[in-house]
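Chemist: Residue-level listing of the chains:
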Amino acid sequence: MLSAFLAGLTVTAAATLATAACVVLARRAAGAMSTAPQRVPVLGGSQPETHAWSRFHVRYYPMTLLFIAFEMEMMFMYPWAVVYVEEGLKALVEMGMFLAILSVGVVYAWREGAFRWQ
Amino acid sequence: MAVSWLARLAADAPTPVFAVAGVDAWGAVQELRGDPRIRLAATPRHAAVLLVAGTILAGHGEALRRVHDQLPRPRAVVVWRAPGTGPAIPALAVVDGSADEVVSAVGRAHASILADPTRAQADLLPDEEPTEWRGVGPFGQGGEGMMGGTPYGRPMAMTGDDRDGLALDQLHLTLGPFLDPLPPGLTLDVTLQGEVLQDVAVDRAAPPVVDHAAPGDPATPAAAARRGLHWLAHALHVEGLDALAGRAAHLASQVAVGDVAADRSADRLARLVTATGVLRSLRGVGAVDGADASDRWRQRLAAIVAALRDGVVPRALEPAPSDDAALAGLLVGVTLTDAVSTLVSLELPGVLRPAVAA
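Protein chains in written order, with our numbering: chain A, 20 to 137; chain B, 956 to 1313.
Hints in this document: simulated from the structure, not taken from any laboratory.
Remember, predicted model here, so these are calculated numbers, not experimental data.
Treat the hints with care, as some may be off.
Said to hold, decoys possible - Not the full set, but computed from the structure, chain A residues with beta-carbon under 8 Å of chain B:
1) T35
2) T38
3) A40
4) V42
5) A45
6) A48
7) T54
8) A55
9) Q57
10) V61
11) G64
12) P67
13) T69
14) F75
15) E90
16) K109
Claimed, not checked - If you only want the chain B side, here are some residues facing chain A, beta carbon under 7 Å, derived:
17) A1018
18) L1080
19) E1084
20) E1087
21) F1094
22) R1109
23) P1110
24) L1130
25) G1131
26) G1149
27) L1152
28) D1154
Unchecked claim - Taking CB as the label site, the calculated pair distances span:
29) B:T1086 x A:V43: 24 to 34 Å
30) B:T1292 x A:V101: 46 to 56 Å
31) B:A1174 x A:M52: 14 to 24 Å
32) B:R1219 x A:T38: 55 to 65 Å
33) A:A45 x B:G1266: 54 to 64 Å
Yeah, the Cβ is synthetic: ideal placement off N, Cα and C, and Gly gets one too.
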């Protein structure tokens, strides 16, 4: 138990040391720190009017939702198919419940336009 | 020790250069893409040397100083063919001669600041935030909150209607006058939502009066070909085809010295450009009078080949709308990438007059 703890502590210490070494070396290689004009985006000599914190639409979002919905289904279905014969009706009901919950996600993705190909 | 070893390695690599060019030296700067001793960087952040070439308008002094300060330290400035009327900028070297001379000067300037960083050029603008923000506000973020706040001294973007009925943030930006993909002297005032331009205002700087640059159509086939190749080198770079951009630039310098084998190289280059699929990717982009960016690229490629192989001065490309509002109308509603591709493909009167005699 103690040896496992020591091993963990050693790895943590080594990782901290390596990170610190990287930071120090990077600062030495980079020279001086950045100035205020260097911290703004490159716009070809112009100043930004608004801050870069802005929200924009992740347009692949409904597609991702759909992908995750079907992937989770398959991840559960493979082990379920293995134990289905042993478990019988109980497994069938469990899968029914799972698919019902999942279909809510799919219906939501449908409403969001995930099936509307553009 | 480690740092000096890195400095030696950096000095042996091609010098990363960010070029700020006036309209009279823009073509000559594009020709530098063919020189293996330097690499023209897309942003000042990736460069060690700032090359200020040709006539910079007096009104662009502030922008020039900002670009200068955005180069990481240690930095050097090389001034090339400056008429002495533009904004003054301290330089490590001033060159008035050929492309070869300026490339050598850039290499020497880079080596000297790496060997002795105290020779590097200091910042021109003060290291001050535009407004005081540290510790201001309930979370120290510089403002009052998310909506309507001013984090880091700049107001937050506010929402506007998007194309699909969502209300998302609109970003107001001024691009230029020294943005690498844009033609020299062009400034775009844009409202971006995501990647789509919702509103555009175009500002074309008045072309400076230069005695050695003849505006209008070039008079000889070689001059026409060279001008076309300057455009091609820049356009290929903007489309991400830097190796071919280097070939086009090299070909332009061959034409300049009257190399007789240039016509075959032009043919091969045009075939390679077509083979990359860039013309296909530009189909339907920026249509003006029924011709899209792909058609304009094709016309320009054909003009270069015709000028070099058949020795004819090609008919000038149909110029883009001379009216700023009409040009801005072309860009509204398209993505930023397509807008840049459109601008690059157009013949913009009052903006892009690459020097024939450069």
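Chemist: Against each hint, give a clear statement of whether it holds in the structure.
Modeler: For each hint, the structure was consulted:
1. T35: Violated. Min distance 21 Å.
2. T38: violated, 17 Å
3. A40: violated, 11 Å
4. V42: violated, 14 Å
5. A45: violated, 11 Å
6. A48: holds, 6 Å
7. T54: holds, 4 Å
8. A55: Holds - the Cβ of A55 (chain A) comes within 8 Å of chain B, reaching about 5 Å at its closest.
9. Q57: Since the shortest Cβ distance to chain B is 6 Å, the answer is holds.
10. V61: Hint on V61 (chain A): holds, closest Cβ of chain B at ~5 Å, below 8 Å.
11. G64: Since chain B brings a Cβ to about 3 Å from G64 (chain A), closer than 8 Å, the hint holds.
12. P67: holds, 6 Å
13. T69: holds, 4 Å
14. F75: Holds: closest Cβ of chain B sits about 4 Å from F75 (chain A), inside 8 Å.
15. E90: violated, 26 Å
16. K109: K109 (chain A) check fails; min Cβ-Cβ to chain B is 44 Å, beyond 8 Å.
17. A1018: Holds, about 3 Å.
18. L1080: holds, 5 Å
19. E1084: OK, holds: E1084 (chain B) within 7 Å of chain A, min 5 Å.
20. E1087: Cβ of E1087 (chain B) sits 12 Å from chain A, so the hint is violated.
21. F1094: With a minimum Cβ separation of about 13 Å from chain A (threshold 7 Å), the hint on F1094 (chain B) is violated.
22. R1109: holds, 4 Å
23. P1110: holds, 6 Å
24. L1130: Where the cut-off is 7 Å and the nearest Cβ of chain A is about 6 Å from L1130 (chain B), the hint holds.
25. G1131: holds, 5 Å
26. G1149: holds, 4 Å
27. L1152: violated, 13 Å
28. D1154: Violated: closest Cβ of chain A sits about 13 Å from D1154 (chain B), beyond 7 Å.
29. B:T1086 x A:V43: 24 to 34 Å: For V43 (chain A) against T1086 (chain B), whose Cβ atoms are near 33 Å apart, the range 24 to 34 Å holds.
30. B:T1292 x A:V101: 46 to 56 Å: Given a distance of about 49 Å, which is inside 46 to 56 Å, the answer is holds.
31. B:A1174 x A:M52: 14 to 24 Å: violated, 53 Å
32. B:R1219 x A:T38: 55 to 65 Å: holds, 56 Å
33. A:A45 x B:G1266: 54 to 64 Å: Distance hint for A45 (chain A), G1266 (chain B) holds at roughly 56 Å.
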